[in-house]
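K.L.:
Could you build all of it, start to finish, from the sequences and the hints given here?
Number of protein chains: 2
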Amino acid sequence: MSKELTQISEIGEFGLIDRISKLFPVEDEGTALGIGDDAAVIVPSEKDILWSTDMLNEGIHFDLTYTPLQHLGYKAVSANVSDIAAMNGIPKQITVSLGISSKFTVEAVEALFKGIKQACSDYNIQLVGGDTTASAAGLIVSVGILGEVDPDRKSLRSGASKDDIICVTGDLGAAFLGLQVLEREKQVFQANPEMQPKLDKYKYLVERQLKPKARIDIIHELRDVGVVPTSMIDISDGLASELLHISKASGVGVRIIEDNLPIDSQAYDAAVEFNISTTTCIMNGGEDYELLFTISQEDFKKIEKHPDIHFIGYVHDKPNENILISKQEQVIPITAQGWKHFD
Amino acid sequence: MSKELTQISEIGEFGLIDRISKLFPVEDEGTALGIGDDAAVIVPSEKDILWSTDMLNEGIHFDLTYTPLQHLGYKAVSANVSDIAAMNGIPKQITVSLGISSKFTVEAVEALFKGIKQACSDYNIQLVGGDTTASAAGLIVSVGILGEVDPDRKSLRSGASKDDIICVTGDLGAAFLGLQVLEREKQVFQANPEMQPKLDKYKYLVERQLKPKARIDIIHELRDVGVVPTSMIDISDGLASELLHISKASGVGVRIIEDNLPIDSQAYDAAVEFNISTTTCIMNGGEDYELLFTISQEDFKKIEKHPDIHFIGYVHDKPNENILISKQEQVIPITAQGWKHFD
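Protein chains in written order, with this note's numbering: chain A, 1 to 343; chain B, 1001 to 1343.
Derived lysine to aspartate or glutamate pairs resembling EDC-like cross-links, with alpha carbons at most 16 angstroms apart: (1) Lys-1047(B) x Glu-46(A); (2) Lys-248(A) x Asp-1018(B); (3) Lys-211(A) x Asp-122(A).
In silico negatives: residues of chain A with every beta carbon more than 10 angstroms from chain B: (4) Asn-275; (5) Glu-298; (6) Glu-329; (7) Ile-334.
In case anyone wonders, no lab produced these hints; they're calculated from the structure. Treat the numbers as computed from the prediction; the structure is a model and nothing was measured. Glycine included, C-beta positions come from ideal geometry on N, C-alpha and C.
P.N.:
Following this line, the structure appears as structure tokens:
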């Protein structure tokens, strides 16, 4: 590490903003004005505008001991894109507000923005503005996102009805197990800094935790086959928590078949190693950024062969009766509440 | 203080969001969906969309020892509305992302949102969403705002040209002097907690610091008389810094007449008392949230009698020649850089 690092005070806030701006020239035709004025200017289309925001705070949502800044930037964007996907929308523009401590270097901020830029490129979105300010304590990454959706294609949490089929994308629990692996390696390293972390066999899990991808691919595929989910939410707090959101907002109940819950083989092995129930990882793990949605029975044929969509249960009309049918055919109430950072 | 306070852990994150949601029913016809789903849904109009964001962090932007939470909520909204005003736009919707430490009570969060609600009412805007999360350190208030503007009426920083007249609204320096008063009273109180703060004669200054108002009134008035500023910016970092932004973005220079700079009499008296030059307070104070703008010569007659718009100088065509003509007719280069939180 012989490279010279630059203190932010050397170039100042405006110098920093100039350097960031150069990374994000406006390439999106819906953006009339990007970084550099009091507000960005967006040209509206005929579609409805989706708007969401998500804040990641050091010491709560991430630990810089094992989180590369580039991945953190990527993840902050993915978490926001995932919210737009959950409305059945397409993401368009983001703003990034950063709170950074004085110990941060210009190079560290640039690493964060390189991850943001890679995410912008992967999701085809434009960074149009934000705010860069000091933080008295840890790093704060607050991202805002605009997206768009045809008014008749939006999927709210409130649209599920009796007999709808409950679907999830990808696999669940891996991000949570990735976090367990990273936390264990951190403790090993703190006990003996000579130790090298052994992460090879957990590669998928660690990537799911550090650099998750939002499922915009699924939104395009559903559009291609003409399916509009009757309800949808992204899985950030854990499947159980998201199921309860849909059941409450829709005034229905859900019945989930444990046998149908998708888990990756690496996650399965890690759950066994950590002696945590795989179903607990799936139901309460969180941060998978997969999509949970419901479809009407008649749409089932259109996606039944999709390799990455799993049918995990169905909707019934008894509100508050949200249950999991276990592999042993036990009936277990779904009660989990997701992350509880305030305890 | 016999009232029982509620810990956030007692009602949980979702319980807290439910309580906040009840404060903000959707009353805006441009908002199709407010708080409660993965994203808000906004119905676009024919106008261009303005989007800005601004983050306030405890220990950097505010000190909770003397900042009532209700005022802080109000100020966070004002700072964002001011950015929309600075584009010659009308604010429409906001999101509020909060990072709060576990010591915060539900009542404290509600006080913050009461201030936000009052601001929403004063500015006629709708809160449509946000994010409520834990913070390992201090309070974080990150607000996003959408506004709208007719495409041919927007005022950028880059539109000033030779012979334009430079205008500012209201008076300057009071917010900075209010901060000096509050900091002094804090030190007095810390030295002797029996002392009661004496703020009566600084009432205007303290209010300017704690509960500033954005000048949307001026935007409506300019519209009414048919004036579109050739350039505009809001005064958050200090007049000098904002003048340099306009001169750089427009490729021009500015010439400012010290004698024409507006200051309130309370601010003048406090500057004398604190032994700080009034011009330093005006040029470098910051946080006044007044508007700095330029108009073409032919528009001058339309606003020359406006009691709250002051004509402080003019634009010339020598870039980088930004000067203040002092009361003694000295020529002083304008070089200030606004707040430097990173030093």
